[in-house]
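Quick mapping for you: the protein sequence lines, in order, are chains L and X. Its first residue numbered 1, the first sequence is counted upward by one per residue in this note's numbering. Its first residue numbered 1, the second sequence is counted upward by one per residue in this note's numbering.
I should point out that these hints are in silico values taken from the structure, not numbers from a laboratory. We put the beta carbon where it would ideally sit given N, CA and C, even for glycine. Heads up, a few of these hints could be off.
These stretches of chain X come out as covered by chain L in the derived footprint (C-beta under 8 Å, 3 or more residues) [claimed, not checked]: (1) 45–54; (2) 66–73; (3) 81–89; (4) 105–115.
Below, computed lysine-lysine pairings styled on DSSO-like, alpha-carbon distance capped at 30 Å [what the hints assert, rightly or not]: (5) K405/L <-> K40/L; (6) K138/X <-> K480/L; (7) K175/X <-> K405/L; (8) K302/L <-> K121/L; (9) K138/X <-> K128/X; (10) K115/X <-> K138/X; (11) K9/L <-> K119/X; (12) K405/L <-> K119/X; (13) K128/X <-> K73/X; (14) K302/L <-> K339/L; (15) K217/X <-> K58/X; (16) K8/X <-> K405/L; (17) K138/X <-> K9/L; (18) K128/X <-> K175/X; (19) K217/X <-> K480/L; (20) K115/X <-> K29/X; (21) K9/L <-> K115/X; (22) K115/X <-> K128/X; (23) K73/X <-> K405/L; (24) K58/X <-> K115/X; (25) K13/L <-> K128/X; (26) K405/L <-> K302/L; (27) K13/L <-> K138/X; (28) K115/X <-> K13/L; (29) K73/X <-> K8/X; (30) K115/X <-> K480/L; (31) K128/X <-> K9/L; (32) K73/X <-> K58/X; (33) K480/L <-> K73/X; (34) K480/L <-> K8/X; (35) K302/L <-> K352/L; (36) K302/L <-> K40/L; (37) K175/X <-> K73/X; (38) K138/X <-> K73/X; (39) K13/L <-> K119/X; (40) K175/X <-> K138/X.
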Amino acid sequence: MTPFTIVRKNLAKRALSTLLTIISVTLGVALVIAVQVAEKETERSFNQTSVGFDLILAAPGSRMQATLNTIYHLETSTGIIPAGVYQALLNDPRVERVFPFYVGDSYRGFRVVGTSAAFLKEAEPRAGSPFVLREGRIFEDAFEVVVGSETAERLGLRIGDQVVFTHGVAELAPGAEAHVHDDAPSTVVGILERTNTANDRVLFTSIFTTHAMHHHLHDHDDHKDDHNHHHDHQHGNDTHSHGHSHNHSHNHSHGHNHDHSHDDHKHDGHSHDAHDHDHHPQKRTLAELEATVTELDAVLVKFTNQALAISVAGLLNFPTPENPLLLRNLQRDPLFPFKDDLMGVIPAVQIKELMSIVGNAEQVIGAIALLVFITALLGILASLYNTMDGRRRDIAIMRSLGARKSSIFLLITLEAAVITIIGCVIGLFAGHTIVHFASPIIAETAGIIVRAFIFESAQFYTLLLFILGGIIAGIIPAFKAYNTDVASNLAP
Amino acid sequence: MVQISHLKKSFLNPADNQRITILDIPEFKLESGQHLGLRGTSGSGKTTLLHTIAGMVKPDSGSVTILNQDITKLGESQRDRFRANHIGYIFQSFNLLEGFTALENVMLGMIFADKGARKEYASELLDKTGLGDRLHYKPAQLSVGQQQRVCVARAIANNPELILADEPTGSLDAKTSSEILDLIFSVAEGRSLLLVSHEPEVLATFSTTMDLREINKAIAS
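The whole structure should be built from the sequences, with the hints applied where relevant.
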């Protein structure tokens, strides 16, 4: 027999009270752990000190929306920009790297991001950490896909799998049917290692692939309704509508004038009949095919000097100066012709703003978790304290058998610790189970992949804090037990 | 074995806020290996005397020397430890822990002593007291006589030199009383035994008896 036997017996004797207290602790721990996991994953998703580029060039609109769209793969694009922007920057001596960005399709709820192969080779989703292939290779041809780690795990994708994209990335309007590019399957050629960024939950392909889908759609609609269709683009809180003409100064391979409002990528119920377009042109290289792309959602730029990002953003975002000297200087900038089509967004500034919003939410959640924590500990205190009157005789018997006051104190404290530890262990798994079941809902509503059953040291520190708190909560009843008078509580 | 000198113990009466002297014992001795039956009526301070000898109650003054150790000079935890190692206590109402089996109750008597809990020895003691087939019975599943047997086994679990018994047959019928007394005498062989009772039949089994009034001046006055 050990002190634990006595504790076990005492807890079993008050089984219902013990059970209710354990449930109370379990719920408290589960909630705190669930919040902690969700918080950690949110922070992991959003808090990127470096995103591998200095400036986002996107259609004028909400800067936060452009940031969410290009870095976090959330929200919709602010609109379409001419692909000439990308071409213009390719040979710009100020530019170290430039990547195109074009989204419009998804595969089973995961976004398909059109970009260049260079993005996967040169971009750094985390400072100093470029993308690493877990297996396979980077796409080299049209209709080839490189899959982010989370996407691959969730969908069970493997090299060689055929994926058929669905048109649009946002929710479909009620009654609308998703348009599936079932005539244009792409092949998984590579799977990326986890980066712990939003890039883990997308599929990367060439801009040509994503563009071909749209181009194809537009051609198709052109036949059907004289190419006069409307795309309803919702911009979240920043809804705006702008008539967007695709009649830019650069060459459009499809050579027609889109006259539609780009408020969203929510394509509500296009009807697309079967068609027999060749989606797999083999004669031209991917680079040649990409050169035919006419429109993008954004261009991501890494300058040779970070300060250049600020000056380019200034050129695009501030009104055209009237001073002829200044104007002449600005007109030399290869981006000047696109000034009206673009805004410059410095991602570092937006991320900082985003983190301050996330930080505020974390503080509120943290305060709630603290209250839950305190409530659970008060539950232990109340549960043990209330039993003390009924346990005086037992305590007196043990004292008469030679138990020291300190032994009684330790036994009661140990009871509190055991209740807390059991509650903590069950609560830890319950918390992760909550996250596990909430994960699809969070992914759907917030676009954040929250992974359950990843046990990190911070969670164990929380449990240690709980156990310590439980022991402290046990001290008051333990003191009451400590001061139990033997002679007066002992039956003759 | 036990030597009491000028022992005084009083309690505060909450009714009139006056102190009532319960014990006033100028001199008392229990020799090593002696079995003494102490006659005491209800309210004569017999339980307080046993509690004081056991170190559960600290006297106002005087000394209680057991095995050459004045336990009134010891701190509370030292008295607890002394009690666990050297004194066995048999109660009238058994004072067994309800949630524990007979075996566990005996082991509970061991756990606070220096030697610690020894399951086999506890089983052996219960076997000796006639409860070898009731080791895993809880008090509620045992008769009162069997409960007192567990209490006796627990009292000798740490092989104490002194056994204190407070009305050990007070809750038992005559037949069971006789059996329990036989058991107590049997286990007390070679040890000192101080048994207090108001029952003449019980005291009649002792070769040496004493009336508490003879030694406790608080009652005499």
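A quick look at each hint next to the structure:
no. : hint              : in the structure
1   : 45–54             : holds (count 4)
2   : 66–73             : violated (count 0)
3   : 81–89             : holds (count 5)
4   : 105–115           : holds (count 7)
5   : K405/L <-> K40/L  : violated (44 Å)
6   : K138/X <-> K480/L : holds (27 Å)
7   : K175/X <-> K405/L : violated (39 Å)
8   : K302/L <-> K121/L : holds (14 Å)
9   : K138/X <-> K128/X : holds (18 Å)
10  : K115/X <-> K138/X : holds (24 Å)
11  : K9/L <-> K119/X   : holds (17 Å)
12  : K405/L <-> K119/X : holds (25 Å)
13  : K128/X <-> K73/X  : violated (36 Å)
14  : K302/L <-> K339/L : holds (19 Å)
15  : K217/X <-> K58/X  : holds (18 Å)
16  : K8/X <-> K405/L   : holds (25 Å)
17  : K138/X <-> K9/L   : holds (12 Å)
18  : K128/X <-> K175/X : holds (19 Å)
19  : K217/X <-> K480/L : violated (36 Å)
20  : K115/X <-> K29/X  : holds (29 Å)
21  : K9/L <-> K115/X   : holds (22 Å)
22  : K115/X <-> K128/X : holds (20 Å)
23  : K73/X <-> K405/L  : holds (18 Å)
24  : K58/X <-> K115/X  : holds (26 Å)
25  : K13/L <-> K128/X  : holds (29 Å)
26  : K405/L <-> K302/L : violated (70 Å)
27  : K13/L <-> K138/X  : holds (12 Å)
28  : K115/X <-> K13/L  : holds (27 Å)
29  : K73/X <-> K8/X    : holds (15 Å)
30  : K115/X <-> K480/L : holds (28 Å)
31  : K128/X <-> K9/L   : holds (26 Å)
32  : K73/X <-> K58/X   : holds (10 Å)
33  : K480/L <-> K73/X  : holds (26 Å)
34  : K480/L <-> K8/X   : holds (28 Å)
35  : K302/L <-> K352/L : holds (19 Å)
36  : K302/L <-> K40/L  : holds (28 Å)
37  : K175/X <-> K73/X  : violated (42 Å)
38  : K138/X <-> K73/X  : violated (38 Å)
39  : K13/L <-> K119/X  : holds (22 Å)
40  : K175/X <-> K138/X : holds (23 Å)
Going down the numbered hints, you'll see the structure goes against 2, 5, 7, 13, 19, 26, 37, 38, while the others check out.
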